[in-house]
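Chain F is already provided as a structure; the job is to place chain W on it using the hints.
Number of protein chains: 2
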Amino acid sequence: MAAAAPPPPPSDVPEPRMAPPETAPIGHPVFTRIRLATPLDVPFIHKLIHQMAVFEKLIHLFSATESSLSSTLFLSPPFQSFTIFLLELSSYPIPPLLSPSPSFTPIEKTFNFDLPLNDPEKDAFSVHYGSDQVVIAGFVLFFPNYSTFLGKPGFYVEDLFVRECYRRKGFGKMLLSAVAKQAVKMGYGRVEWVVLDWNVNAIKFYEQMGAHVLPEWRICRLTGDSLQAYQNANV
Amino acid sequence: MAAAAPPPPPSDVPEPRMAPPETAPIGHPVFTRIRLATPLDVPFIHKLIHQMAVFEKLIHLFSATESSLSSTLFLSPPFQSFTIFLLELSSYPIPPLLSPSPSFTPIEKTFNFDLPLNDPEKDAFSVHYGSDQVVIAGFVLFFPNYSTFLGKPGFYVEDLFVRECYRRKGFGKMLLSAVAKQAVKMGYGRVEWVVLDWNVNAIKFYEQMGAHVLPEWRICRLTGDSLQAYQNANV
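In the order they appear, the protein sequences are chains F and W.
Read the first sequence against the UniProt record's numbering and you will find it ends at 235, with the numbers running on by one and no gaps.
Read the second sequence against the UniProt record's numbering and you will find it ends at 235, with the numbers running on by one and no gaps.
Bound-form chain F, shown alone (with noise of 0.2 Å):
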């Protein structure tokens, strides 16, 4: 067995363990965090459905209002009814929740991209923790539902929206990760969501994720004045 090599001679320089700050980090840092959206941010929530209905070119069907969100949601405790993850976004450090929900770490994660990221609607979307100031970039709305033949629950995605400036960065990546983390942290077995056959993109960005797109089923929907018909209906 050789004999040990001694050691090296004591230094006063460090050794460049990290690359020194002028040279980096190129780009630009975008700090995130998914949180609990709370009945303060029903607002933003009401706005961001609304740029949602445009999108998809579906601003006929629109309805809600922020009285009728603020009165149907946040009526139950997270993930045991309707629950929505808000993705906040900053140049800088986001800082801690003040009243952080027991039933919900935020993950925060950070970003570095090479061109700024421009938010013309940054003022509509801001919100302010003490002296900063953060974005809510985007949402996810999801609810239990159940299988009766895994006999336990899962989760529904019924809406995931990252607004028009933030797209194609990962963010609704994050966000729908964001509630499979949450399903397999409670033990369900399932998430579930919707899409259009003819969104060849949505899908392929769906089945990079894990999931599959079920052919065969059919959503029926019972809805306005032939669902009112059954108010009196002697079933």
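Among the hints, a few may not be true.
If chains are identical, the list can't say which one is meant, so a pair holds when it fits in one copy or spans any two.
[Unchecked claim] With a straight-line cut-off of 30 Å between C-alpha atoms, the simulated DSSO-like cross-links for lysine-lysine are: (1) K47 <-> K152; (2) K122 <-> K185; (3) K57 <-> K152; (4) K173 <-> K152; (5) K152 <-> K122; (6) K152 <-> K185; (7) K185 <-> K109.
Don't read these hints as lab results, they were simulated from the structure.
Below, chain W without anything else, positioned relative to chain F:
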């Protein structure tokens, strides 16, 4: 104007306004009731789901147990989460529930069939109310969903099932109508469910009930190992 004819002489024989007892009612009366399921019904629910899996030739996907059902159902008040209506049936009037839920008044309806309904599994699906015995003929499992465009909840019907010997009698319609009626009562905006695109009889039945089938939407499902992969994902 001719004089009025004199009245007929009084008679001790009453007019035959009702059919005499010996000729009415023709057929076999069936008394039915839709009520909320309780934890005591789990063994019936498990057997019904198992029969549904066999009927749909999907028994390989069936892994629910009485234990998994018990630990995931009945955790919230009726209609706030997963909710089950059971259809009870008897040849005699069904006695009232001893502990009716304040959330739901059972729906009762009497049918009259030409032939008796022969139930080869009567014993396995019998509920005893004192000395009275009724059978469980089917169930519907549903839970709230949410439309962000409407800004209000709806109901999603996960399962609608009537045991084979009770099919094509209007019982499926009765169960689905009860969910629709409850949705209207609660001010909800929609009732939705899914159907296989090749099941033309079911589609026709649902359309007759006022539903329309959405042709373009497809279900995406993330489950099994693909879902578990998100446990430690850096989302």
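Cα distance capped at 30 Å. Does K173 pair with K152 within a copy, between copies, both, or neither?
This pair counts as both: shortest intra-copy Cα distance 25 Å, inter-copy 26 Å.
As a check of your reading, is K152 near K122 (CA-CA no more than 30 Å) within one copy, between copies, both or neither?
between (41 Å within a copy, 28 Å between copies)
Go through the copies and call it for K152 and K185: within, between, both or neither, with a Cα cutoff of 30 Å.
both (13 Å within a copy, 28 Å between copies)
With identical chains treated as interchangeable, where does the CA-CA distance between K185 and K109 reach 30 Å or less: within a copy, between copies, both, or neither?
within (19 Å within a copy, 44 Å between copies)
Tell me, please, which holds for K57 and K152 at an alpha-carbon limit of 30 Å: within, between, both or neither?
For K57 and K152, the Cα distance is within 30 Å only across copies (20 Å; inside one copy 36 Å).
When Cα atoms must be at most 30 Å apart, do K122 and K185 count as within-copy, between-copy, both, or neither?
So K122 and K185 fail the 30 Å test inside a copy (34 Å) and across (41 Å) alike.
State whether the alpha carbon distance between K47 and K152 is at most 30 Å within one copy, between copies, both, or neither.
between (34 Å within a copy, 16 Å between copies)
Figure legend: structure checked against the earlier numbered hints; the only hint not met is number 2.
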